[in-house]
Every structure is written in C-alpha cells, then in structure tokens.
Amino acid sequence: MKDEKIQIKGISEGLLVTLPLSTWDEARVFVAKRIDENPAFFLGARLVLDVAETDVKAAELGKFRDELSERGITLSSVLSRSETTIKNAQALGLSTNLGVRQGYEKHKKDSNYFEGDSAVWIERNLRSGYKVETKCHVVVIGDVNPGAEIISAGNIIVWGRLSGSVHAGADGDQGARVMAMQLEATNLQIAGIPANAIVKKRRKQPEIAYLIKNEIIIEGWDIQKKHKGDL
Amino acid sequence: MSATVVTITSGKGGVGKTTTTANLAVALASTGDKVCCIDGDIGLRNLDVVLGLENRIVYDLVDVIEGRCRLRQAMIRDKRIEELYLIPAAQTRDKSSVSPSDMIKLCDELRGEVDWILLDSPAGIERGFQNTIAPADTILVVTNPEVSAVRDADRIIGLVESEEKGPAKLIINRINSALTKKGDMLSADDVVELLAIELIGVVPDDENVIISTNRGQPVAFDAKSKSGQAFKNIAMRLKGKEVPFLDLNARDDLFSRLFRTN
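Protein sequence lines correspond, in order, to chains A and B. In terms of the numbering used here, the first sequence opens at residue 0 and continues consecutively. In terms of the numbering used here, the second sequence opens at residue 21 and continues consecutively.
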C-alpha cells in the first residue's frame, strides 16, 4: 500500500481522512505515520475518518481514538459503508456521519452515504449511551432505552418501546413523524420543536407524533381512523 | 485446572459489586472449588475489608504486575475456608498503573492454579472498568431496582456487547418486596424487561448484609441468611446447575414458619 493513497482534506467539521481499501492495521499505521511527520499541523484537530468498506472492531477503534488523543487529536466521526464499523463507532459514542442538524448541504457531493428515501435499519435494542445520527429515516426493531438517542433528518419508527431521546426531521422537515409501539420518549423533538413532557400511560397502544402548527401532537394509533401521521 | 474468569461490574457505584464478589467467592469456595478474587478498584480498595482480610495485606495487584513479588506471594489465603484467596488492590496508586493487557496476562497465569477468578470491577466506564472486562469469560452486571442503577446497567451491557464479551448476565441486588408490592419500587420483572438479558440472581434487601460487611464476614457464611442463600444460588447457577429463584414474597416471621404447610 502506498502512502499517497490516504487523502487528507480540510472540511468544516475538521480534517477528513479517507483511507484506501486495505486492512485496518495497515491503515492505522499509515495515519499515525502521517501525523507524526507533521504533528504541529494535526495538533488540536478534529478528525473525521472515512474507512469505506473496511470492518473495524470496537476495540480497534477505541485504541485508535486513544492513540489520536495522546497526540492531541480528537476523533469525532467515523464514516463507513460497513454496518459493523458503523455499529461499533456508535457504541463508542462516535458520530457516523457529518452533522445532520447544521445542514451540511455543501458536502453532499462529496459523500456517498445514504440520504433521502433510504433508512437505517437497526434490529436490536438501543441501550443507554448509543447514538444514531443520520440523514436517513430510522427503523428500530427493538427497544430504545432511556439514555439512547436517535437524530434523523427523516422519520423514526420504533417497533418496540421508545423510552430514549429522539429527534425526527432534524434538519428542518416539519412533516417528519415519530412512531412507536409504546411511545414513552424522555425527550421528543420534530424539526427542532420539543414535545411537552410525555406521561407514561397504563394503556399500551402504538402512537404517532407529528407537528401541527408548530405543536407536537401525539395520537394513539387507531386502525379505523385516518391520521395525519399516516404513511 | 483452567479457571473461569468472572467479572462483576455495574457502572453505578454502591449497588453491591464488592459485596456480591465477596459472597460469590465464599459460596463457590464452600462447594470445594478453588477461588481467587481480585480487587480491580485500584486506589479505592475495599474487597479486603468486606472479606475481613485487610490486616493481612503485604503485596498487592500492582506489586505483581510491576514484578515486585510473585503472583503466589500476593494471594492472601482466607483462614475460614479452604481454597479462598484474595489479590488486593493497591491503595496508593490509581487505575492507570494497570492496563487491560496486564490483567489478561495475570489472569492467564492464574488460570492454571484455580477454578474461579472473580474480578471486582470499580464503578464507572473508564480504565478500571476496561481492565476488569478485558480478561473476562463471563460478565455479571449487578444492579438495584432503581431507575438510575438500571440505566447505568443498560449502558454497561451495551459496552460489554461492543467489546464482544456479551451477553452479560444480570444480578438484581437489594430487592425490597414490601416496596415492590406497593408499586414504589421497580420489580425484578420490570428490570429484566428493560435490560433484556439473562437473570442469574435476585438478592433481597437485608440489613444483615451491612452488618456482615462491617464485620468482614460475608453473609454467605451464614446458613440461615436469605440473602446468603441467594448468593449461594447464584454460585450454583454459575456452576451450571438449575436452581429455582427464591420466593421473595414468602413471609419469614414466626407465624408463617409455624403454619407453613409445605
């Protein structure tokens, strides 16, 4: 593998480091080498790492993050098309895409990550400390526990109990919805507008949250009725 | 002999990690197995106090890792029970004096000597936690039926999964059946439903645990204690035996003993 294949460029989130397709160990050594060649340039930088399709273990990512922080560099995000890598990065609390809320439209051309009508599919419980931040819709088959967080530019659907924190339509889509089998979110926002405190109910019933005139309405799902939140 | 390394952890402090470690160690050792517990809470050691071995410490974990003594020299043998050992933590150092790979090396050295290595994890998710998770074969997450403890346990279970050490097993400590009945406390079922991992033990709230902890005499030594029995049951389940869970609602006063029909 040749050193030149690593691309480093400045973007508004910090430094975007794009790794060529290779094994993680090789890539890590090369990045470390590039940094050590010019430590002053990297000092205090926020690094966005693009590993393309490479599968990276959580322990490896954590080690790399520690190595970087010893050099005064913060690893802020890991971009990847590998589901394993994304999952592991999320587990470490790393962002897995360029920020959603601030609307980084200008980078759209650069990134080949899901947008628009795609969805992130998560088939497990999201535990406390997990964060999913994406421009796509989010579908969770499982529970979203208190302390877990989902930020999506689109809709959020939870086939299970939603008791974490969610933000749908995070880059301003007022038509975004949140649906859950049991909606008990500790914090719910749509397009930046927070819902009033959600009270735990005895009666368990699927619910939909959507915006009407800048106010979040939460309705029980009734198969007979037409909801504004209907798909 | 090849030991199983069991790490007892929780995230939140004060839920009973050390008490659980001490009692499981006593319970396992009393079945005739050879047990060594290691206090992973470097700088804030107290497993030695709970086991009543504090005045016998000469060498500690950091001494072994830094090569100032042999492993055998740091293993304090409990005089009350055969084959129960403790490697205490250093009190004058901190968590950074040990690395996860040091712990793996130490446990590998110890594996040939004993049946069980019980690692008492410190609170938190930082270095001390990582040190104790690294060598683990089985991870026991201790929690209380309290919202804050359950949330921390949830985080820990997630971290254990991402380290590919899962699935962890759950111990719910300090269940107060009177409060649960009134609906003022989460029940064991509520906790299991939220955390969605296998339950390996339920320990009732018992003031004798506090008394025994202060005396350095774990409740598992006490044949009549209900909480001691709960710890013994966990030990049996760790050994692969099927033991029914204690009925925490059973009344335990004089009348119910007199009139108990079964």
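These are computed hints drawn from the structure, not numbers from a lab. Watch out, some of these pointers could steer you wrong.
Part of the chain A face toward chain B, derived, beta carbon under 7 Å [said to hold, decoys possible]: (1) A90; (2) G92; (3) N124; (4) S127; (5) G128; (6) N144; (7) G146.
No residue lacks a Cβ here, since even glycine has one placed at the ideal position from N, Cα and C.
Checking each numbered hint in turn, tell me which of them this model violates, lowest number first.
Of the numbered hints, just 2 does not hold.
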